[in-house]
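Based on the provided sequences and hints, a complete structural model is requested.
Residue numbers (full-length UniProt numbering), protein chains in the order written: chain E, 1 to 368; chain U, 1 to 399.
Hints are computed from structural coordinates only; laboratory data are not their basis.
Computed from a predicted model, the values in this text were never measured in an experiment.
Note that the Cβ used here is the ideal one computed from N, Cα and C, for glycine as well.
A few of these clues could be false.
[Said to hold, decoys possible] Straight-line alpha carbon distances no greater than 30 Å define the calculated DSS-like cross-link-like pairs of lysine-lysine that follow:
no., chain 1, residue 1, chain 2, residue 2
1, U, Lys-232, E, Lys-256
2, U, Lys-141, E, Lys-264
3, U, Lys-181, E, Lys-264
4, U, Lys-238, E, Lys-256
5, E, Lys-256, U, Lys-181
6, U, Lys-232, U, Lys-141
7, E, Lys-313, E, Lys-264
8, E, Lys-264, U, Lys-394
9, E, Lys-264, U, Lys-31
10, U, Lys-31, U, Lys-262
[To be verified] Not the full set, but computed from the structure, chain E residues with beta-carbon under 7 Å of chain U:
no., residue
11, Leu-190
12, Pro-194
13, Gln-257
14, Ala-267
15, Ile-323
16, Trp-333
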Amino acid sequence: MDFNHSEDRQMLADTLGRYLQQRYPIDVRNTISGSDEGWSREHWAALAELGVVGALFGEDTGGFGGTGFDVAAVFEQLGRALVVEPFLGTLMAGRALAKAGGQEALLGEVIAGTTLLAFAHEEPQSRYDLADVETRATRAGDGWALSGHKAVVLQIEAADRILVSARVAGQPGEEAGIGLFLVDKTGATLRGYPMIDGGRGGELALDNTPATLITEDGYPLIEETVSAGIVALAWEAVGVMDVLKASTLDYLRTRKQFGVPIGKFQALQHRMATVALEIEQARSAAINAADALDKDRHIRERAVSAAKYTIGKVGTLAAEESIQMHGGIGMTWELPLSHFAKRLTMIGHQLGDDDHHIGRYIALGRAA
Amino acid sequence: MDLRFSPEEEAFREEVRTFLKEKLPARIADKVRTGKRLTKADMVEWHGLLNERGWYANHWPKDYGGPGWSVAQAAIFDVESALAHAPRIVPFGVSMLGPVLIKYGSQAQKDYWLPRILDGTDWWCQGYSEPGAGSDLASLKTAAVRDGDHYVVNGQKTWTTLGQYADMIFCLVRTSTEGKKQEGISFLLIDMKTPGVEVRPIILLDGEHEVNEVFFTDVRVPVENLVGEENKGWTYAKYLLTYERAGLAGVGGSMAAFDHLKEIARSQRKGGRPLAEDPLFAARLARLEIDLENMKTTNLRVLAASGSGGSAPLEMSAMLKIRGTEIRQEITSLTRRALGPYAQPFVSEALDEGFNGDPIGPDYAAPVAADYFNNRKLSIFGGSNEVQREIITKAMLEL
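Structure representation (structure tokens):
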């Protein structure tokens with residue numbers, strides 16, 4: 001048994017961590033995340049050059065990673081630096097394209113950092129239900145046309161190509177009949193906006209928008225790539241929580257009230273201990289999910305829902321408690337901690353909250 | 001035991017409702033209901049309308065311009081105002097300083113300052129916390145040194161809510177370093193326009209400018225602005241902190257916010273049904289509703305105890321503060337949760353009056369996540385909930 005990353009993976013994580021520490025400190029991050037673009041092409045190119053995008057894909061598609069623990073190693077570092085660049089959308093869209101096959105040229109550009117992807121699947125009414133797709137795909141000449149609305153797509157304005165789910169048959173809620181299509185950003189109507197935790201997102205309005213078919217049987221790919229997305233979010237959350245923990249411990253050691261460091265007060269000691277314990281439980285959940293990503297569907301999905309449930313529950317606790325233990329200063333924009341707390345909270349709103357995933361975990365158990 | 005309000009009190013409730021229907025500007029109520037930003041002018045306008053009716057200083061004694069309400073009437077007013085989406089009365093002048101001046105101020109101070117609080121001439125802010133004095137408030141360092149007919153003030157206050165609007169600040173200052181730290185504190189009224197006063201904004205995690213730092217450099221304050229006796233300020237400070245018991249639990253505000261949450265939960269959908277019918281979410285709502293119902297009665301019990309002559313025990317006030325803020329925070333947390341992915345977009349301008357853009361997602365989504373983050377302050381300010389817990393056990397254990 002070995003709970004350390006492999007040597008190659010650790011080297012990549014160290015390189016990435018060093019780059020972010022030196023070139024992407026919190027003030028740089030906040031400037032980028034609040035800018036009109038909400039991301040930095042310069043950093044994206046540099047990170048692609050370091051191999052960070054390539055680590056998310058397998059060798060069969062020109063990458064050198066792509067396993068659950070590759071995703072883990074990368075996103076843990078991204079979390080520690082609150083990176084807003086479109087890694088999650090690139091991972092999810094790229095992974096689905098890789099599994100669909102026949103997209104080697106496009107994925108080559110993605111890994112090189114020259115083409116960016118977004119994954120537009122959720123809809124205003126779907127609330128984390130992966131089969132609730134109302135967007136319709138119809139044949140138009142040799143190709144396809146899509147009509148519908150995709151909701152809160154991360155960094156969609158940054159993307160050159162958007163992977164969009166749309167129904168070729170059946171009714172919303174049915175897993176069968178959901179296709180996957182590529183849409184060029186130039187042909188789509190986007191409405192971009194800032195996100196509360198930094199960076200940008202957007203709504204995608206499709207009105208007979210031309211699209212290229214990837215597959216007419218997209219649901220298994222969607223489910224699998226959302227699992228990878230959840231592994232990524234779980235590890236991003238672990239990275240965020242480690243920063244929150246370190247910052248809070250530092251504050252408990254140095255902030256003095258009543259003549260002593262506030263860490264001397266048992267009330268705060270016990271709360272800090274609980275937060276630290278829960279973070280370790282969350283890390284274990286993230287390890288379990290990364291390990292299960294390449295296993296059979298049933299094992300994978302249970303572990304992934306368990307992880308997202310845990311991250312959602314622990315994330316809220318860690319964010320709220322770290323602000324509380326900092327007192328007023330924890331409420332300020334100036335303190336990096338508040339941005340980490342916001343990001344951690346919003347991870348709970350991506351790809352399903354803890355209620356959604358405990359429900360799913362129960363349902364998957366019943367099906368077994 | 002009889003939990004009913006008397007017929008007279010119910011008649012009073014109708015009177016409050018009628019007043020709110022007739023006088024509360026729809027424009028302002030709409031902002032409160034939809035979570036938009038209130039301007040200083042909005043707040044001043046509402047204070048003025050209340051004052052016209054004699055309800056602004058509603059817990060001042062009749063002799064000083066108060067309406068002479070019972071605690072039940074004050075509670076009814078709080079709840080009805082909140083349910084009608086009236087702005088909360090900004091407490092610093094009318095609810096905090098007013099009672100201190102009435103109890104401890106000189107006749108000249110009462111004659112001068114109280115009318116100016118009532119008619120809105122002065123906007124007051126509070127100079128209590130300092131960077132090194134938060135939960136340990138008595139360790140404050142801002143110094144006032146007597147120099148002829150003036151005090152010369154040097155130091156820094158922080159977390160000064162709406163200090164950017166203020167004409168005046170009431171400050172706890174150190175006038176002695178002898179003896180216990182509580183015994184060298186005085187209560188001073190300082191004009192914000194005095195040379196040497198500087199206000200710097202603190203931006204909170206939701207991007208809002210709500211609190212400030214206030215710096216004092218050789219600020220000369222006339223000695224007649226000392227309230228009560230020198231070095232007795234801690235007594236007045238504590239009196240001020242425990243005064244507004246009715247507001248501590250925030251019951252009215254939580255009732256209105258909970259109603260809003262239930263509406264959202266009914267309109268959001270999960271698995272083809274209203275979110276409010278999702279077993280997990282329904283259980284969260286039910287637990288919260290029960291806690292709120294219990295709190296309503298706890299609040300009335302505390303009010304009843306303080307109204308019948310005996311003041312409510314300190315630990316009961318602390319309990320109201322803890323659970324009242326926890327309930328409000330849980331409401332904001334569930335409201336955020338209810339939005340699902342649409343909690344993430346945040347267009348700050350959408351919270352300004354006159355914003356014409358289309359909503360992103362449901363029209364109630366815009367302020368929700370920011371409101372959740374902003375309300376993390378509830379368990380920190382006004383004596384953190386940790387400090388409140390110490391108050392409770394200290395009173396009970398008598399160790």
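Subject >> Hints violated by the structure (listed by number, smallest first) >> reply: As far as the earlier hints go, 9 and 11 are violated by this structure, in ascending order.
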